[in-house]
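Once you have looked at the hints, place chain B on chain A.
Line by line, the protein sequences give chains A and B. The first sequence maps to residues 1 to 385 in my numbering. The second sequence maps to residues 1 to 140 in my numbering.
Since the hints were derived computationally from the structure, they do not count as laboratory data. Small disclaimer: the values here were computed from a predicted structure and weren't measured. All C-beta atoms in this analysis are idealised placements derived from N, C-alpha and C, irrespective of residue type, glycine included. Keep in mind that the hints are not guaranteed to be accurate.
Claimed, not checked - 25 Å max Cα-Cα, derived SDA-like pairs, lysine to any residue:
id	chain 1	residue 1	chain 2	residue 2
1	A	K20	A	I193
2	A	K131	B	R81
3	B	K35	A	T134
4	B	K24	B	P8
5	B	K24	B	G127
6	B	K117	A	L250
7	B	K117	B	E27
8	A	K131	B	I14
Claimed, not checked - Derived CB-CB ranges, DEER-like:
id	chain 1	residue 1	chain 2	residue 2	range
9	A	G323	B	Q126	33 to 41 Å
10	A	H95	B	N52	45 to 53 Å
11	A	R118	B	T85	20 to 28 Å
12	B	I49	A	H95	24 to 32 Å
13	B	C39	A	T133	45 to 53 Å
14	A	T182	B	D111	40 to 48 Å
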Amino acid sequence: MPDKNDQATIVGIGQTEFSKNSGRSEQRLACEAVLAALNDAGLTPAQVDGMMTFNIDNNDEVDVMRSLGVPEIKYTMRTPQGGGSSVSTLVHAKHAVESGFCDVMVIWRAMNERSQYRFGQPASGVSPNGKSTTFIEWAMPYGAQTPATLEALSAGPYMHRFGVTSEDLGRISVLLRSNAATNPAAWFHGKPITLDDHQSSRWIVAPYLHLLDCCQETDGGVALVITKLDRARNLKQLPVRILGAEYAFLYNHEVISDFYEGDLALRGNSERVTERLARSAGLRPAEAGPTLFYDNFSTQVLRQVEGFGLCGLGEAKDYIRDGHMNLDGRTPLSPNGGLMGEGYVHGMNNITEAVRQVRGVAANQVSGAETAFVSSGVAGAILGR
Amino acid sequence: MSAAQTDPDRPDPIMSLDGAFFWKAAEEGRFVAQKCCGCGALLHPPRSICPNCLCFEQAEQELSGRGTVMSWVMPIHPPARGFETPPIVVLIEVEEGLRFVSNVVGVAPEDMKIGMKVKVGFAKTQGGKAAPIFHADLEG
Chain A
1 MPDKNDQATI
11 VGIGQTEFSK
21 NSGRSEQRLA
31 CEAVLAALND
41 AGLTPAQVDG
51 MMTFNIDNND
61 EVDVMRSLGV
71 PEIKYTMRTP
81 QGGGSSVSTL
91 VHAKHAVESG
101 FCDVMVIWRA
111 MNERSQYRFG
121 QPASGVSPNG
131 KSTTFIEWAM
141 PYGAQTPATL
151 EALSAGPYMH
161 RFGVTSEDLG
171 RISVLLRSNA
181 ATNPAAWFHG
191 KPITLDDHQS
201 SRWIVAPYLH
211 LLDCCQETDG
221 GVALVITKLD
231 RARNLKQLPV
241 RILGAEYAFL
251 YNHEVISDFY
261 EGDLALRGNS
271 ERVTERLARS
281 AGLRPAEAGP
291 TLFYDNFSTQ
301 VLRQVEGFGL
311 CGLGEAKDYI
321 RDGHMNLDGR
331 TPLSPNGGLM
341 GEGYVHGMNN
351 ITEAVRQVRG
361 VAANQVSGAE
371 TAFVSSGVAG
381 AILGR
Chain B
1 MSAAQTDPDR
11 PDPIMSLDGA
21 FFWKAAEEGR
31 FVAQKCCGCG
41 ALLHPPRSIC
51 PNCLCFEQAE
61 QELSGRGTVM
71 SWVMPIHPPA
81 RGFETPPIVV
91 LIEVEEGLRF
101 VSNVVGVAPE
111 DMKIGMKVKV
121 GFAKTQGGKA
131 APIFHADLEG
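Extracted from the complex, chain A is given alone in its bound form (with noise of 0.2 Å):
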């Protein structure tokens, strides 16, 4: 473990709006949000000496450095496995700021998902491309062809082992957009939902995922800037270390394809990331407080609350019900509404959210919140003060 001095701090979060349609390009969400995340931080784009995005970011580090006139860089990666990238940008970040790989690291996501292309419509005249697309070839010809189908296959053994209903899924959706319909910055804000109008909304994968159990599709840029806790205390916002930000993939899984190995109802990734947590941030995601999971679908969120330790197996749908992640609840759940509720820039902005709650400067603000956790299935990291 590093001396505290030395840890990996977020001393910058950037978003631009979330919308369905920005009218402009991704590299101008992408450099928007950066800078934006820089300006809140108080540091400069000539100050950036690292970068890093998802392997399915459509924008340049080239790009982005020509446009905000970066002058050099010393690292850069690029993370799989779809949203799961997004948590796992952080245990790069909090790796390569530790051991000195760069000093000031640039994280972005920045994407017109909704209205340049279309993350939920089935794909065409795609083949595997080592983007964690390894799916479609077994997948395609059968019809399973969206996010969603491929999630509700997955699911499907859970839900009937623990006999959960659309009910249950419809809290979770409810939760979130009453949460979303309080924070300003929400595509969802002002409009709350019912359990009535989840169960009408149709079908998009029967028997189990209704409109309002999906994520939203988004256009939007999010950006994230961390260094080390020594130069944090000397820039402009509350520190928030990166207590903890752990990874783990196991034989013959998949992301959202999971298919092919053991008891589907597991989520052995999460468990692993929440032992290695343990160690390293000495916390467990059900000590952290507001929990902010990869809401892609309300079925991820079930099986998340149970990978990660908040409650036992097959009680994730009770553990909801009796308020455990309200607001006000042991485990609040994505004060900011999730993916669903405020915007889906694939993961990234519950990582925002998650500073804002540490820094107590959040809309709906969990009273009292010191730490955070944030997760996308394959990581999860606590961040505090």
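Chain B in isolation, oriented as in the chain A frame:
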């Protein structure tokens, strides 16, 4: 068994170098899996080397074609590309222990059940290739 034309626009399989044998066997009405020449392990999805004994030499073995539905779903919206009506997408565990994403054809959604027994058949794809699919196994 020859391939039936249940969904004329069903997408053709994508044939990677290591996986093409599976789809070519389907064109001949055979449902096969990769078999390692070193240790005899059956593998799906196919791969370039056996993870058990690290042998590069791989063959194929015909499977019994009988299995059990582990999970089933129906993509309703947006419609699945290549299907006029929503297909029933299944995850099948076959008798030999391997799992396959496929379709169940000829069973109404209200009659679909996790745990139901199925047996293999073959469906033609848009460009005249074939994909293994499954029917209810009434004897199973």
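Practice prompt. May I ask which of the numbered hints given earlier this structure violates, with the numbers listed in increasing order?
Written response: 6, 9, 10 and 13
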